[in-house]
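K.L.:
Fit chain B to the supplied structure of chain A, relying on the hints for placement.
Number of protein chains: 2
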Amino acid sequence: MVNYPHKVSSNKRQLTPSQTKNFANRGMSFEKMINSTNDYYLTHGVAVIHKKPTPIQIVRVDYPHRSRAKIVEAYFRQASTTDYSGVYEGFYIDFEAKETRQKTALPMKNFHAHQIQHMEQVLKQKGICFVLLHFSSYQETYLLPAIDLIHFYQQDNGKKSMPLDYIREHGYSIEQHAFPQIPYLDIVKQHLLGGKTI
Amino acid sequence: MVNYPHKVSSNKRQLTPSQTKNFANRGMSFEKMINSTNDYYLTHGVAVIHKKPTPIQIVRVDYPHRSRAKIVEAYFRQASTTDYSGVYEGFYIDFEAKETRQKTALPMKNFHAHQIQHMEQVLKQKGICFVLLHFSSYQETYLLPAIDLIHFYQQDNGKKSMPLDYIREHGYSIEQHAFPQIPYLDIVKQHLLGGKTI
Chain A
648 MVNYPHKVSS
658 NKRQLTPSQT
668 KNFANRGMSF
678 EKMINSTNDY
688 YLTHGVAVIH
698 KKPTPIQIVR
708 VDYPHRSRAK
718 IVEAYFRQAS
728 TTDYSGVYEG
738 FYIDFEAKET
748 RQKTALPMKN
758 FHAHQIQHME
768 QVLKQKGICF
778 VLLHFSSYQE
788 TYLLPAIDLI
798 HFYQQDNGKK
808 SMPLDYIREH
818 GYSIEQHAFP
828 QIPYLDIVKQ
838 HLLGGKTI
Chain B
648 MVNYPHKVSS
658 NKRQLTPSQT
668 KNFANRGMSF
678 EKMINSTNDY
688 YLTHGVAVIH
698 KKPTPIQIVR
708 VDYPHRSRAK
718 IVEAYFRQAS
728 TTDYSGVYEG
738 FYIDFEAKET
748 RQKTALPMKN
758 FHAHQIQHME
768 QVLKQKGICF
778 VLLHFSSYQE
788 TYLLPAIDLI
798 HFYQQDNGKK
808 SMPLDYIREH
818 GYSIEQHAFP
828 QIPYLDIVKQ
838 HLLGGKTI
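Taken in sequence, the protein lines are chains A and B. FYI, the numbering for the first sequence is 648 to 845, going by our numbering. FYI, the numbering for the second sequence is 648 to 845, going by our numbering.
Remember, identical chains collapse to one label, so a pair may be satisfied in a single copy or spanning two.
With a Cα cut of at most 30 Å, we get these calculated DSSO-like pairs of lysine-lysine: (1) K717 - K806; (2) K807 - K750; (3) K750 - K836; (4) K756 - K717.
Bear in mind the hints are in silico, worked out from the structure with no lab data behind them.
Next up, chain A with everything else stripped away, as it sits in the complex (with noise of 0.2 Å):
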């Protein structure tokens, strides 16, 4: 396994809340090496995927004499979609993708009730939807079919979280590459189409 050029290290010890920026810089990595990855797909022409832009309200823009217009009160919004959205071979393609420090589990916390709505909207257009999931602990990722994702949801409207067991089961692992670091459309092309052609 490459970690370049996101190297990860390892989190063994215990830390302390100073050390809590290390974190947030690891929750950064894992959409960093999915950005790259969709760079990778770009650039050589395999498929168009990007990741949507931050939503925000603006409430408040100010124009500056000769100035480009400047934002001075915007508030972040909850995202109503998931952040990835694209097209691969003409099949449209849609995910979500979360990194968790936690060793057994998915806190399902992480999913808004709208986004599982959407999914279950984009899966009904036959579109290819799925989620990305990082256990920054083990290094691990997992593609998860939105479908398993919906069916656990629907247990118990998202209270619990998800075990790592869940995720085995009914996902597949994405083994970390130099280029494309998260090849997850290997995955897509292996288990996802079911035979679908365009």
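P.N.:
Okay, now just chain B, sitting in the frame of chain A:
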């Protein structure tokens, strides 16, 4: 033709500068009509197509005590892709919408070089890609396939305006309805799928 719920007045009189604001509202209305159309498609299970959030470059965020994070300095960024994307019966749908008050042509400065490049990438991946063009003076709307936009753009790298005659020749007129207001998927179904199945 029913303009509900965004009635747009006819444009047969000369406007004074103080009336410019009306134009801004009219400018919004085409976007609103598309958003309303997408809402219709979503709630009726026809398609899942969303407008992407506006890309913002965040420079400074305050964290007021007991309040949610407040963005206090940010700037608008140029979009690197198109505004709308989603899935319709498994097909990846990707488009940009533009409105003009001009009567005989659409200024090509409405499209950025990387948006044109994005459309080329989407077409290579067999995505369904087009632009919706609205001539507010006539209340006429056209769907122009991305390939025809790209061909025109390549003639002079987007310097000159695209004549309405070119749009009429290569595009498809979309009649406004009550529900949905801009039924562009009818055109997609009839003319853009080209025998594709999924």
